[in-house]
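Using the sequences provided together with the hints, build the complete structure.
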Amino acid sequence: MNELLKVTDLHASIGDKEILKGINLTVNRGEVHAIMGPNGSGKSTLSAVLAGNPTFTVTGGSATFHGIDLLDLAPEDRSHEGLFLSFQYPVEIPGVSMVNFMRAAVNAKRKYFNQPPMPATEFLKLMREKRAIVELDNKLASRSVNEGFSGGEKKRNEIFQMAVLEPCLSILDETDSGLDIDALRVVAEGVNKLKTPDNATIVITHYQRLLDYIKPDVVHILYKGRIVYTGGPELALELEEKGYDWIKNQVDKEAE
Amino acid sequence: MGALKQYIDLYMSQREAIDAGSADVMNTLRPVALKALEGRELPDRGVEGFEKTSIDEMFAPDYGMNIGRLALPCDVAAAFKCGVPNVSSLLAVVVNDRFVPTATLLKNVPAGVRVMSLADAARQYPDEVARHYGSAASLESAGTALNTLLAQDGIYIHVDRNIKVERPIQIVTLTSTPVPMLTTRRILIVAEEGASLSVLTCDHSMSRDTAALTSQVVEIIAGERSRIDLCDIEETHDTQSRYNQTYVIQHAESNVAIGGMTLQNGTTRNEYRVNIAGRGCECHLGGMAIGSGHQHIDNSSDVKHCAPHSTSHQLFKYVLDDESHGAFEGSIEVTPEAPFTEAYQSDRNILASRGARMHTKPQLLIYNDDVKCSHGATTGQLDDKALFYMQSRGIPRDEARMMLMQAFMAEVVDTVRVEAVRDRLRHLVERRLAGYEAHCSDCKA
Ligand SMILES: Nc1ncnc2c1ncn2[C@@H]1O[C@H](COP(=O)(O)OP(=O)(O)OP(=O)(O)O)[C@@H](O)[C@H]1O
Ligand SMILES: [Mg+2]
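Listed in order, the protein sequences are those of chains Z and X. So the first sequence is numbered by our numbering: it starts at 1 and just counts up by one. So the second sequence is numbered by our numbering: it starts at 1 and just counts up by one.
Simulated from the structure, these hints should not be mistaken for lab results. A hint or two may mislead.
From the derived model, a few chain X residues whose C-beta atoms are all more than 12 Å from chain Z [unchecked claim]:
no. : residue
1   : L70
2   : V179
3   : H309
4   : G355
5   : K372
Simulated DEER-style distance windows between Cβ atoms [as the list claims (entries may be wrong)]:
no. : chain 1 : residue 1 : chain 2 : residue 2 : range
6   : X       : D384      : Z       : V99       : 20 to 30 Å
7   : Z       : E166      : X       : E419      : 30 to 40 Å
8   : Z       : P117      : X       : H294      : 28 to 38 Å
9   : Z       : P197      : X       : D414      : 44 to 54 Å
10  : X       : G376      : Z       : V99       : 22 to 32 Å
11  : Z       : S62       : X       : E57       : 54 to 64 Å
12  : X       : E57       : Z       : S150      : 49 to 59 Å
13  : X       : V47       : Z       : D137      : 49 to 59 Å
Simulated pairs of lysine to any residue, SDA-like, Cα-Cα distance not exceeding 25 Å [what the hints assert, rightly or not]:
no. : chain 1 : residue 1 : chain 2 : residue 2
14  : Z       : K111      : X       : D384
15  : X       : K385      : Z       : S144
16  : Z       : K17       : X       : K385
17  : Z       : K224      : Z       : T64
Note that the coordinates shown come from a computational prediction; the quantities given were computed from them, not determined experimentally. Just so you know, even glycine gets a beta-carbon here, dropped at the ideal spot from N, CA and C.
Shown next as structure tokens:
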């Protein structure tokens, strides 16, 4: 089966404010999807809901992830099943070292699949290998999770974690923001290195420059909690040129 | 109200037996303590300084006392497993108030150092003990006066001038009783001029099914230029109550670090009263409380600066789960005689469940202009954003919670200056937060 994620008429709210108002999205293995859209339209909310953030309440619809009911799983189990979210704003966790954090993550996944904890030497080797993919400084690995990391370092750290966990579906929420030009290339190349015919990536971004590196197969526009337009890679270029007004006008007019 | 009376009555009827089981130096203070208790009550909940804990209630049950000093059955050997790696040779066990040295302790105690039964010390070195016994503890506290009235024995640690004890001295205190009982224990730690030592006390209970109460008064006398570290770890049971009062006198340029760590308990009240009597002192007070179930943990601190150019640091942290309750009342007092004081106090707490409660009351009493002082208290929850972030990486929620609690407590663990003790404490905290029941025999390397 080629279908990896199927989201059908997904609604989600925070308090009594509805933010996702019927999302439909199908992602197949091997594909890269880009989700674009104006600020506040619900892109991060969609990624948070898929990852299981309890801040949001799902009020309708479904999400199937390689055949299983995604919305029924605890966030940690979604991770074990192969979902990864690169956060728009990675969280600082003072006092929890990167090493302990990653060891806990790796071994939790192994436990989920009835495997024994990873031997220490193997784990350290894994860390070294994966750090190299995004050229993450060894010094950062010995610090507390994201604590005092620069914006760019945090984003590199997200992709490092993705490399370690080897997800089949990665959602990258504005992983390009805060990255300088060199870092953008390193991070994007890292993502490309991790690409296989079996996994898929959803890239949330405002800018074409990331899509120059990570080439999307499908581009969606999310606006006011709905995917209002879907096209090929050329759509991103068109948005770069024309902005969102034309699509906003069109949608808002239809609503009248 | 009125719990005190039964103990006074007991004393009146048993005074000869009490004296007979103790030593003159200790017996001499009993009438003084009795006088101090005239017209007094043990503090009840809500009394100033006792907002959340009733000492009266703690002492209200009709506890027996082992005045005849029968050797109660106790698997002392089991307690010996409570070894801090590489430093266990200076180990003693105290069963209730009875001091049990180990063979290696007797062999390894360095010259100029006494680690022994307080009553024995009072008999063998009466002048030395009389100089210090009761010199720091205040009979104005009804709890301390009662302890002084009833205490027959305990621990005496004395280090001569300029002697530096390299290894930590570890004392395992055990409550062991087949029937509900009050243990009255006294600890006296003296570092003469220029001496240094480190003490680890591990407080355990061997009688988890029997309600028991411990009244413990600790006196610490830090001579000029001395250095004292004391780390006190309580790992008892929900059936146990403990009223622990620690009094410290710091003479000039002394350096004292005290850690009070409550990992497992029933009802505990710890008081720390530090008197900085000499100039140029350093004082560190660290406290940790990990509560679950119905644990009740109350810490009260008072650091009083009475001489110039001294610094004090207080850090207390609580993590309270389930229905556990915590209380912290802490004060810094700077007298007019103490210019150029630096004094800091911080109390930070996490409520990990809806049923947990924390009461906190920091206080500054400053009667001097040339001081740097700060205090702060915060009570919050575990960081939801961090929890979700960890879960999204596959770390199960419970494990993520535990990791965050450990991270929170790391700061208090780090206040312990003796590496071997610090490492052991870190291990115990990890185990405790992981939900393992703390037990002495787990405390093995
Ligand atoms: N925790 C929250 N509490 C209240 N409202 C929220 C919360 N999180 C998101 N929202 C609201 O939901 C809407 C969608 O926010 P979301 O972060 O999903 O947008 P976005 O498309 O990712 O925007 P951006 O491009 O700026 O990242 C916004 O109106 C936002 O204010
Ligand atoms: Mg966003």
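Verification of the hints:
1. The beta carbon of L70/X sits about 48 Å from the closest Cβ of chain Z, which is more than 12 Å, so the claim that it is off the interface holds.
2. Here V179/X stays apart from chain Z, with its beta-carbon at least about 44 Å from theirs, past the 12 Å limit.
3. Listed as outside the interface, H309/X is consistent with that label: its C-beta sits roughly 33 Å from the nearest C-beta of chain Z, beyond the 12 Å cut-off.
4. Listed as outside the interface, G355/X is consistent with that label: its C-beta sits roughly 20 Å from the nearest C-beta of chain Z, beyond the 12 Å cut-off.
5. The non-interface label for K372/X is consistent with chain Z: the shortest C-beta to C-beta separation is roughly 25 Å, beyond 12 Å.
6. A beta carbon spacing of about 24 Å between D384/X and V99/Z agrees with the range 20 to 30 Å that was offered as a hint.
7. Roughly 39 Å separates the CB atoms of E166/Z and E419/X, a value that falls within the hinted 30 to 40 Å.
8. For the hinted restraint 28 to 38 Å between P117/Z and H294/X, the CB-CB distance of approximately 34 Å keeps it satisfied.
9. Between P197/Z and D414/X the beta carbons are some 49 Å apart, a value that agrees with the proposed interval 44 to 54 Å.
10. Separation of G376/X from V99/Z is about 31 Å and conforms to the stated range, judged on CB atoms against 22 to 32 Å.
11. Roughly 56 Å separates the CB atoms of S62/Z and E57/X, a value that falls within the hinted 54 to 64 Å.
12. Against the hinted window of 49 to 59 Å, the Cβ-Cβ separation of E57/X and S150/Z comes to about 55 Å, which satisfies the hint.
13. Between V47/X and D137/Z the beta carbon distance is about 57 Å. The supplied range of 49 to 59 Å therefore holds.
14. Our distance criterion of 25 Å between C-alpha atoms is met by K111/Z and D384/X, whose separation comes to about 24 Å.
15. Between the alpha carbons of K385/X and S144/Z the distance comes to roughly 15 Å, so the proposed pair stays at or under 25 Å and holds.
16. Between K17/Z and K385/X the CA atoms are separated by roughly 20 Å; this keeps the pair inside 25 Å, and the hint holds.
17. For the hint linking K224/Z to T64/Z, the alpha-carbon distance of about 23 Å falls within 25 Å, and the restraint holds.
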